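K.L.:
Chains as they are written, first to last, in the working numbering: chain V, 1 to 112; chain L, 1 to 111.
Quick caveat, the hints were computed from the structure, so don't treat them as lab data.
All values derive from a computational prediction rather than experimental measurement.
All C-beta atoms, glycine included, are put in the ideal place defined by N, C-alpha and C.
Treat each hint with caution, since some may be false.
Restricting the straight-line Cα-Cα distance to at most 20 Å, the calculated cross-link-like pairs of lysine to aspartate or glutamate (EDC-like) are [what the hints assert, rightly or not]:
#	chain 1	residue 1	chain 2	residue 2
1	L	Lys94	V	Glu59
2	L	Lys42	V	Glu100
3	L	Lys103	V	Glu59
Here are the simulated distance ranges between beta carbons [to be verified]:
#	chain 1	residue 1	chain 2	residue 2	range
4	V	Glu14	L	Lys71	43 to 51 Å
5	L	His72	V	Leu39	19 to 27 Å
6	L	Lys42	V	Asp73	16 to 24 Å
7	V	Arg9	L	Arg61	29 to 37 Å
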Amino acid sequence: DAEITQSPRHKITETGRQVTLACHQTWNHNNMFWYRQDLGHGLRLIHYSYGVQDTNKGEVSDGYSVSRSNTEDLPLTLESAASSQTSVYFCASSREEDTEAFFGQGTRLTVV
Amino acid sequence: GESVGLHLPTLSVQEGDNSIINCAYSNSASDYFIWYKQESGKGPQFIIDIRSNMDKRQGQRVTVLLNKTVKHLSLQIAATQPGDSAVYFCAEWKSQGNLIFGKGTKLSVKP
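Pulled out of the complex, with its shape left as it was, chain V reads as follows:
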């Protein structure tokens, strides 16, 4: 079955380190998204991509970057991790605009 997977599921890192969270989908979807989820804020959009070589900033993009070198993957990089980036991160994909988005199981990141 097609799916979307995130790795790792849990990560602890130190302040200032570079961290990359992986997202891989096998639906051949054009659109991919990264969200962070914090209490009191719901899901906030970090970055999104409409296809290979396309990336766009979302609501809370500062301190994060993404790259889309193929259809299946959208890795999220924290250039220099900060304690404020401690959160649960979700990746999602959708076939096109105005269609259902499917979510991964999330990555819990702790920055100490």
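Chain V is already provided as a structure; the job is to place chain L on it using the hints.
P.N.:
Here is chain L on its own, set in the frame of chain V:
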């Protein structure tokens, strides 16, 4: 600014009763809305969607109502069960082409 939000952060209902979760949106250009369910420790799961050319859409035990006049969206769950306990989010495809979520409502079902 444009936003998708919820009227009630928590909702507690008795098993077997109907639940209604509400959501307000402010972007009148949006034409596609989705309700998601999120259980503890899991990613959001699609429940039901609706396009702006519809007022109502029904699924299995769930109904979504869209009132474009007052920019209001609601999710109705019939005969609520303990397995329905979760956080529910409404989401909106904005005209700029990204999917924006409201803050969520926690539904607790009492046996």
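K.L.:
Against each hint, give a clear statement of whether it holds in the structure.
P.N.:
Against the structure, the hints:
1. L:Lys94 <-> V:Glu59: Measuring from Cα to Cα gives roughly 12 Å; hence the hint holds.
2. L:Lys42 <-> V:Glu100: Since the Cα atoms of Lys42 of chain L and Glu100 of chain V sit roughly 17 Å apart, the hinted pair holds (cutoff 20 Å).
3. L:Lys103 <-> V:Glu59: The given pair, whose Cα atoms are some 14 Å apart, holds under the 20 Å limit.
4. V:Glu14 <-> L:Lys71: 43 to 51 Å: holds (45 Å)
5. L:His72 <-> V:Leu39: 19 to 27 Å: holds (25 Å)
6. L:Lys42 <-> V:Asp73: 16 to 24 Å: Because 22 Å falls inside the window, the suggested range holds.
7. V:Arg9 <-> L:Arg61: 29 to 37 Å: holds (31 Å)
The structure meets every hint from the earlier list without exception.
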